[in-house]
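Chains as they are written, first to last, in this note's numbering: chain A, 175 to 612; chain B, 59 to 611.
Read the hints as simulated data drawn from the structure, not as lab findings.
Any given hint could be a false lead.
To be clear about the criterion: a stretch of chain B counts as covered by chain A if any three or more of its residues have a C-beta under 8 Å from a C-beta of chain A, and this derived list gives those stretches [unchecked claim]:
{"no.": "1", "stretch": "91-97"}
{"no.": "2", "stretch": "477-488"}
{"no.": "3", "stretch": "553-559"}
With a Cα cut of at most 30 Å, we get these calculated DSBU-like pairs of lysine-lysine [to be verified]:
{"no.": "4", "chain 1": "B", "residue 1": "Lys-474", "chain 2": "A", "residue 2": "Lys-283"}
{"no.": "5", "chain 1": "B", "residue 1": "Lys-474", "chain 2": "A", "residue 2": "Lys-541"}
{"no.": "6", "chain 1": "B", "residue 1": "Lys-474", "chain 2": "A", "residue 2": "Lys-520"}
{"no.": "7", "chain 1": "A", "residue 1": "Lys-541", "chain 2": "B", "residue 2": "Lys-540"}
{"no.": "8", "chain 1": "A", "residue 1": "Lys-450", "chain 2": "B", "residue 2": "Lys-474"}
{"no.": "9", "chain 1": "A", "residue 1": "Lys-211", "chain 2": "A", "residue 2": "Lys-450"}
{"no.": "10", "chain 1": "A", "residue 1": "Lys-457", "chain 2": "A", "residue 2": "Lys-541"}
{"no.": "11", "chain 1": "A", "residue 1": "Lys-341", "chain 2": "A", "residue 2": "Lys-211"}
Pairwise CB distance ranges (calculated) [to be verified]:
{"no.": "12", "chain 1": "A", "residue 1": "Lys-273", "chain 2": "B", "residue 2": "Phe-611", "range": "53 to 59 Å"}
{"no.": "13", "chain 1": "B", "residue 1": "Glu-125", "chain 2": "A", "residue 2": "Val-561", "range": "18 to 24 Å"}
{"no.": "14", "chain 1": "B", "residue 1": "Leu-227", "chain 2": "A", "residue 2": "Glu-480", "range": "29 to 35 Å"}
{"no.": "15", "chain 1": "A", "residue 1": "Pro-371", "chain 2": "B", "residue 2": "Leu-386", "range": "14 to 20 Å"}
{"no.": "16", "chain 1": "A", "residue 1": "Lys-341", "chain 2": "B", "residue 2": "Pro-187", "range": "58 to 64 Å"}
{"no.": "17", "chain 1": "A", "residue 1": "Asn-581", "chain 2": "B", "residue 2": "Asp-166", "range": "55 to 61 Å"}
{"no.": "18", "chain 1": "A", "residue 1": "Pro-369", "chain 2": "B", "residue 2": "Pro-479", "range": "42 to 48 Å"}
{"no.": "19", "chain 1": "B", "residue 1": "Asp-200", "chain 2": "A", "residue 2": "Val-561", "range": "55 to 61 Å"}
{"no.": "20", "chain 1": "B", "residue 1": "Met-437", "chain 2": "A", "residue 2": "Pro-369", "range": "26 to 32 Å"}
{"no.": "21", "chain 1": "B", "residue 1": "Pro-479", "chain 2": "A", "residue 2": "Thr-456", "range": "45 to 51 Å"}
Ideal Cβ positions, reconstructed from N, Cα and C, are used throughout, including at glycine.
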Amino acid sequence: MFKKTLVSVALSLGMVAASATAQVSDDVINASFFPYKDSVPSFEGLQVGMTINQGNVEQFKDILDPAMYQFIAQGDTEIKVGETTSFDLHPSYVEATRKYTDGVTLGEKVGQISDHQAGRPFPQEPSLDDPRAGEKLAWNYKYGYNWGDSAVIQPFYWKFRNMKNAKVERTIVMNFNFLNFTRRTSTEPTPEITPNPSNMFRSIYMKVLEPFDLKNTQLLIHRFQDDTKLDNSYLYLGFQRRVRRLSSGQTTDAFLGSDLMIEDFEGYNGRISDMKWTYKGTKNILLPFFNHNDMPKDEEAYKDDEGFQMIAYGGKGNCFPEVTYQLRKAYVVEAEPVDENHPISKRIHYIDAQTFVLPRNVIYDRKGEMWKSFTIGQSHPDHHLPVNKGTGVSIDDAVTMIDVQANHCTTAQFKGIVDSSLSPPDTFTVQNLRASGN
Amino acid sequence: MTEHVKHGCKAIALAVSAATLIPFNAVNAAGNWSGFAENATYYRDEVGLSKFRNTVQFEFQNDIASETFRSLQVNAIIRATYDGVYDLNDDEFGEDVSYDYLGADWHDNDIASQVILTPGVPVPCENDPAQCSALDGYMDEDSDEIRFPDFNDELDFVRELYVTADLQLAGDDVLSMRLGKQQVVWGKTDLFRVLDVINPVDYSRHNIYDELEDIRIPQWMFTADWRMGPNNVFDDSNLQLVWNFDEFRPSNLGTCGQSYRILDAGCFFTSSVSSDYLNAVLGSMGMPALYSANVPIIHDVQDPDWEIANTQVGLKWEGVLGDVTFSLNALHYRQQLPSLHFRALAPGAPIPAGDGVFDIEFPRVNLLGGSVDYYSMAMDAVWRLELAYTEGEELPRDTDGHRETEMARYVIGFDKNQVIPALGTNSAFLISAQVFGEHILDHVEDMPNEEDNWIATFLFKGFYVNNRLSPQIIVAHDFGGKATAIAPSVSYIVNNNWLVNFGANVKLGGDETFPWAVAGGQSVYEPLSRFTNGPIGVANNEDEIQLTVRYSF
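Between the sequences and the hints, there should be enough to build the whole structure, so can you do that?
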């Protein structure tokens, strides 16, 4: 027995030593982070600059997700095809992947992962033979370089639109801040902000600026390293001048009356352990990736002193961002809630293979019928605000969540800024909610 | 110098002081303006119009460039209110109304209100100069002041005006200071106040039912928050000092004649004891009649003067420890509800002095308390707990008018969001319940308040049409008073500018009596059962339908 234990310890130590020294191979790194280095995907009849509309959509059905196909087929929108371009993530994140992720393994249960310091945990190509491939892709998203180590969206315009008559029912103006406490690669301090007594992984802070009835409403989400632990969420209501804790029921509720739930933020804003993840395959698909500076702008929503304007919307109900779509490699992953009382039956995520952001997501109701279509348009950082150039962040730039059953949508227009000075750590404290209130 | 001028000078001086600290060219003249205009029209059963309140509120916020401070900001809220009910329903409210007997709006007549006590005098400063003089400075609004409640001697139309400055300290610590007229909110309770006692409250606006945000009476205060952020133990930690240097103001209970008078206290204060009754008492004792006129209930309001020793100070330490957020609170303040001190005709005499039965005082109080909230993963719900222990409070009693007692108050709250598909929406319903408890440590038999009492509240709120349509029901039950308030309502957000709210407020109860020694121990309503019945029971005849329309900008 004693000898067996010794052998076990020795093996464990050996694995730790091996994982500390081994690096992910260049082939794996190049395939994962630079898939368009040598060639870009193609599809018969598809050309850069063309428009896919009701007249030719059948020809391109295979490179559209079901919701986009339906919208185009119905004549709700049409999309222009852009050139497939590489959205290189920050070199520090790529290097962290190379150095630290060889040997990262899943734990026994969903939501468990072995020591992971930084970078993309599973850069290897997923396999349909791997029953936990979907879960690994979910981890790659969770520990992705989504907004880098820290970023803000200010301002952030949300519009609630009636899709039938294009009437804007509500406009909410907010600021969002993001901060990674751990797994930081590009902004000091790396790899972790200390002290961090509760072992937080990430935090999101939001404050409403308009309209009057929601003004000063603030939301703070603390996400922990331990994925099995539920987020701590706090809400400050301006009219109560009080911080309230949120139960998780509110994270699956219509956030401020929009078509999004808190769990929808960034494509998926929950725990890995809340879902059953299934990898459904890899395919080339049209995804909203573009250069912000080259897209049509909304002349009415916002214009800053330097002339920055937000993406324009058109199509049925003005629910569709007027951006170009690229043919890109995507992993198709199905996420089914573990909780039988969850308001949805599943999400289908089309994960961009290079950046691991979630630009297209289709959500199904409890009966299994298509309920919502969620687009998160991505701008290349080098063709956005000057401050974003070279940040290696795929910038969330134009969102629409369309409730296909209610014929209603919520659009979100961004001014995303990757600048850590705008998100000091004390922004993400409960005390800041009180201090920033009335 | 009149009080009016003193208050005005103080407000202007402080505003100027704050302004002179700021370089003029650093202020963005445009700033950030917002606000609303609102009409609240309420209709009371068998009474008619009970509120026709028109409010315009402007809110201003401006960041100021500073090299010294990490951030510097000025905030202001200006509010103007006109309640037209006193012009549109002057048969029921205002200076011209008359009451058949004391408490006629909430109970039947009995020996106490028929023989011993006279009806209250509505708007005494219009109808009874002596009463007005006795109440000088407290619930003595004249007819213009009840119509335009923000325009008074205390310049309440300036609801808030303060400067906030954040100073970066060593490390990541921040010292955040706020100076000016403001609200400081402690605690986690809705509807009732346990720790949220720094600002007094204006109950004359709509009893206990308006948001506290709108009925707290802002005070001139200085607050300093030492924001320490996380350390090796706490995820967040903050120490707050509050110095309320404003002249003491009690809560406004509503002047007699106003449409909302919590506990009907305003009318009791302008009532009198019948001289016939008092002379009869003397006669039964074999003494000659001494009283030539009715004896007013209130002789004087002993309002503390402004001096440093009369200012109020508090300290709060709050933080986050894992899944728990907590606060520890200490406050030295004055009781904001009046305490009645009996004035005997002669030392030890059981009958009152001829020029008034009671003096109103506001004793000093020390409070120690704390709050905790905790998210339970197992229940997917949030528990809230709030506790306060006080010493120095004075509560009413049959003999001698009052008794000093230690008090313990607590609230246990439970909040859960639950999706209920059967109710036709995918949005979660907010289910919130709380129990407010009060324990009188030095309770005696002749106190109208029970030694232990509880008020339970329940809120059920739903959201439809992208949260624009929101029905809710609030139920509050006072166990001691055997009184219940039921308030269903529906609000509809038409667009970013327009909001309509339609509701009702129905009360049950108000039937409790108290054996009053002056009435020979008979169980009567006046004057002590107002405390037994509480704010819900005393308002038992105030069943209303309520319509509010707001335009925000």
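**Q.** Whether the CB-CB distance between Pro-371 of chain A and Leu-386 of chain B falls inside 14 to 20 Å
**A.** 19 Å, holds
Q: Just tell me: holds or violated, for the beta carbon distance of Lys-273 of chain A and Phe-611 of chain B against 53 to 59 Å?
A: This hint holds: roughly 55 Å between Cβ atoms.
Q: Kindly confirm whether 29 to 35 Å is satisfied by the beta carbon distance between Leu-227 of chain B and Glu-480 of chain A.
A: 33 Å, holds
Q: Starting from the hint 26 to 32 Å, judge whether the C-beta atoms of Met-437 of chain B and Pro-369 of chain A obey it.
A: The hinted range 26 to 32 Å holds for Met-437 of chain B and Pro-369 of chain A, with Cβ atoms some 30 Å apart.
(Q) Check the hint pairing Lys-457 of chain A with Lys-541 of chain A against an upper bound of 30 Å on the C-alpha distance. (A) With Cα atoms ~27 Å apart, Lys-457 of chain A and Lys-541 of chain A stay inside 30 Å; holds.
Q. Lying within 55 to 61 Å: is that true of the beta-carbon distance Asn-581 of chain A to Asp-166 of chain B?
A. Since the Cβ atoms of Asn-581 of chain A and Asp-166 of chain B sit about 58 Å apart, the hinted range of 55 to 61 Å holds.
**Q.** Coverage of the stretch 553-559 of chain B by chain A, judged on three or more residues with CB within 8 Å
**A.** holds (count 4)
Q.
Looking only at beta-carbon atoms, does the pair Pro-369 of chain A, Pro-479 of chain B fall within the given range of 42 to 48 Å?
A. 44 Å, holds
Q | Restraint status (C-alpha distance of Lys-211 of chain A to Lys-450 of chain A at most 30 Å) | A | Roughly 33 Å between the alpha carbons, so the hint for Lys-211 of chain A and Lys-450 of chain A is violated.
Q: Can you let me know if the beta-carbon spacing of Asp-200 of chain B and Val-561 of chain A is within 55 to 61 Å?
A: Holds: the Cβ-Cβ distance is about 60 Å, inside 55 to 61 Å.
Q. Against chain A, does the stretch 477-488 of chain B show at least 3 residues with beta-carbon separation below 8 Å?
A. Since three or more residues must qualify, the claim that chain A covers the stretch 477-488 of chain B holds, with 5 doing so at under 8 Å.
(Q) Check the hint pairing Lys-341 of chain A with Lys-211 of chain A against an upper bound of 30 Å on the C-alpha distance. (A) 44 Å, violated
Of the numbered hints stated above, those contradicted by the structure are hints 7, 9, 11, 21, listed in ascending order.
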